[in-house]
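**Q** The chain contents come next:
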Amino acid sequence: MRVDGIPDVPVSHATLDHEGRLVAADPAIMALNDQAGGAVGEPLAVPQLATIARLARRLGILVSRGVCVADHEADLDLWIRAQPDGDGLRLAVSGWREVRHRSVAPRNAGAVAEAGDLVWEADGALRLTFVSIDAARRLGVDALALLGQPLTGLFTLDAAADGTLPMLEAVARRKSLNEQQARIRQTGARVVLSASVKHDAAGEFAGLAGVARVADDALPPAPQAGLSSSFTEGLDRALRTPLARIIAHADTIHAQAEGPVQHDYVDYATDIANAGRHLLELVDDLVDLQAVERPDFTLAPEPIDLADVARRAAGLLAVRAGNAGVAIARPLRELRVPASGDFRRALQIMVNLIGNAVRYSPEGGVVSVTATLSGGMAEAIVADQGKGIAPADQARIFEKFERVDPNEAGGNGLGLYIARRLARAMGGDLTVESMPGEGARFTLKLPA
Amino acid sequence: MSVGPEHAVRQSLGTRLDAARRLGERANVRLAGEISDYFLAPESRLDERTRVTLGRVLTAMVQGIETEIRRYAARVLAGAGAEPKAEQLLKGHQDVVRRLSQAGLLRDRLLMDEMIAQVRSGLIAESLVPTAHPGEQASVLVRLAEVDDGVVASAARALLSAEAQRRTATEQGTPLAGSLPAERHHQLVWWVAASVREGQVAAGGGDPAVDRAIVEAAQRSLASHDEGQRPEAIAMRLARAIDARGDEIGELLIDALGDRRLSLFIAVLGRAIDLDFESARTIVLEPEGDRLWLALRAAGLERVAIARIALALADADPRRDIESFADELDSISAVPVEAARSALAPLALHHDLRLAIDALVRESVR
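If you're matching them up, the sequences are chains A and B in order. Heads up: the first sequence is residues 0 to 447, going by numbering that gives the first Met the number 0. Heads up: the second sequence is residues 0 to 365, going by numbering that gives the first Met the number 0.
Read the hints as simulated data drawn from the structure, not as lab findings. For every residue, glycine included, the Cβ atom is placed at its ideal position computed from N, Cα and C. Treat the hints with caution; some may be incorrect.
Said to hold, decoys possible - Pairwise CB distance ranges (calculated):
1. Leu39(B) x Tyr264(A): 29 to 39 Å
2. Arg182(A) x Gly245(B): 40 to 50 Å
3. Gly65(A) x Glu170(B): 19 to 29 Å
4. Arg244(A) x Leu39(B): 11 to 21 Å
5. Leu359(B) x Ala201(A): 41 to 51 Å
6. Glu250(B) x Arg137(A): 31 to 41 Å
7. Asp326(B) x Lys399(A): 49 to 59 Å
8. Asp112(B) x Gly40(A): 47 to 57 Å
9. Leu279(A) x Asp107(B): 30 to 40 Å
Taking the hints into account, I'd like the entire structure generated from these sequences.
**A** In structure tokens form, the structure reads like this:
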């Protein structure tokens, strides 16, 4: 019954009587209903279809919805329209697309606005119902005067090299619009239009929601939109508590605090707790990332003792190092290395560096942490005896979401990126020296 | 170094006791918060999307007013030759939102009622499914902007503009100072002014010249605020100008939802049953919908129109239960128009009188 490979499958119909029983149906609907154990003369057996039919019958109006139904091992995306008709009901089912398993949510192709883009929206008659005012002003256009005007009052559309007009295609075929070359009518500035199609409940064309991006380098590049602070605030709040709870429960199971637990489950609990901690670290890092990526990010420097910071960071990781059979050699107790920086952030950097060093050290290895004054700068050096980092990779590991060894477990690839940003925000730097097979030496420099 | 062991040893006993006492107080506040959080009914909680948007809008509004006051007051000071003071005022940086929240001022019922209602309306309007019109017919607000009746056309154009302005400000997170009714705006401007002044006094002591400049800036902000330019007020003006006849109201309401103009929907409904915008909005935003069905009956709508409105709102607002509405639709459409009107009569009382009655009831229940 599934119709593969045909882009626009015709609509299938069915009729129901006043009690919601199936009177007749096209083969596709019939097959779907049969599989679910239904038959003519009985109520619809596919729950999603039955719900919509029942709602339409009770409301006495057209109800249309997109649903996803199971069909053997695959899932189908269907568009259902249920229209009351006299005593009974007409059912129209279209779509019949197999749902592909997606690792990420589908993106609304066509119109993704970035900072600086002119956002516009038009109704089904292609009259402008919204134009972003500031962006329009930057392009020399009065947005408010254009509201209600035809879309072509704002843009002059240019045909592509092959003579086609993507806008016509988009409207006629109800597909999202990409790469429509155009000019701002008032100023002649070249822009590229993209838009997604707005559909009404019946699937009809109800307008376009689009953006116009300046085509050439007429405008200075807009600052890249980072993560908005409200996003990370929400993330922080929404994830931290549940994650903490998951970890706490998993640890309780692991510790068999509530009584004996089968061995497999104890291991699963460890996995759950570790995964939870990993996610919690990621949340912390994203919140940091949002902070360090703000253009106005600064840290208030205060006098700190870098040797003390290094000793504390080494102390914090002593247990983890002990579990991994790695020793940490820390600066002598009486050593003082005065520096200027933010205590908490410097500690965060050192914990990150020593944590990495412990992770990449072989069992029985030694991580050496030293602090010294050199060339007018305070330096803290973390050296390990791991497998080292190839010169080609040494710049890469400071990039976002890059890792020293992508195959290694643990870490999310944000730590070094954030650490370097923090070091630089304090007027210092974070660098690495390494040769494959000879371990790595990370140096945190701060103003003395 | 900020927290070294040497420093800790030097801490006097008194400081430690003070710190312990403060921690005790904080624990108390935390417990009170935790208790009220636990006992909050699920349906009175804000969902995450509303909460985040509300936080953003509230912050943008307060910061908008703060920036306006600082800039203008600094100009006044600079004009009087007090550049250093102007500079200090401009550079003064404190978290006004946090200060006002701490003082409990932002907990003001009327202010929060307005803010939450605006945020909710915005979110629902965004989620409404647009309606395609047959042929090349434009959406309802664009059509209204082109009618021969000049009063209707200009109000419709003004609504198009006002909504575009608010949407631009919301999308870009730029400060939006003028979206409150006059009384709320008035109150908020003085609160922000007091908070700006507090920061100045803390930094450099009291100064009559700075005080005068802040007052002048606040008064200027108040004078430039025109609540009639808010989309809510313009929508009401448009609804009055259209003055839909009984048999046109249903279609206009459905068209407004199909054009995702919730403000127009609220205004037309308010006009039809003689309610002000705020009261009509309260009814429209209630997830239970019971008073909305009554209002639609009072406006003379029939079963099919009520069902279409209910379905459109339920599809846009996950708090609504269309199944239980379907169960009740027959009894809803059987309510006589007159009975619906008299049931809603208390709502048609003067806005301020209603607020006073509500407050009276609330206080006597305590």
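**Q** Could you tell me whether the CB distance from Leu279(A) to Asp107(B) stays inside 30 to 40 Å?
**A** holds (36 Å)
**Q** With respect to the beta-carbon atoms only, verify the hint that Arg244(A) and Leu39(B) lie 11 to 21 Å apart.
**A** holds (18 Å)
**Q** Kindly confirm whether 47 to 57 Å is satisfied by the beta carbon distance between Asp112(B) and Gly40(A).
**A** Holds, since Asp112(B) and Gly40(A) (Cβ atoms, about 54 Å apart) stay within the stated range.
**Q** Given a hint of 40 to 50 Å, does the C-beta separation of Arg182(A) and Gly245(B) actually sit inside it?
**A** Because 48 Å falls inside the window, the suggested range holds.
**Q** Given a hint of 29 to 39 Å, does the C-beta separation of Leu39(B) and Tyr264(A) actually sit inside it?
**A** Hint holds: Cβ distance 35 Å, inside 29 to 39 Å.
**Q** Is 19 to 29 Å right for how far apart the beta carbons of Gly65(A) and Glu170(B) are?
**A** The hint (19 to 29 Å, Cβ to Cβ) holds, given that Gly65(A) and Glu170(B) are roughly 26 Å apart.
**Q** Is the hinted range of 49 to 59 Å satisfied by the C-beta distance from Asp326(B) to Lys399(A)?
**A** holds (53 Å)
**Q** Do the Cβ positions of Leu359(B) and Ala201(A) conform to the proposed distance bound of 41 to 51 Å?
**A** Roughly 49 Å apart at Cβ, these two residues keep to the hinted range, so it holds.
**Q** Measuring from beta carbon to beta carbon, are Glu250(B) and Arg137(A) in 31 to 41 Å?
**A** holds (40 Å)
Checked against the numbered hints above, the structure violates none of them.
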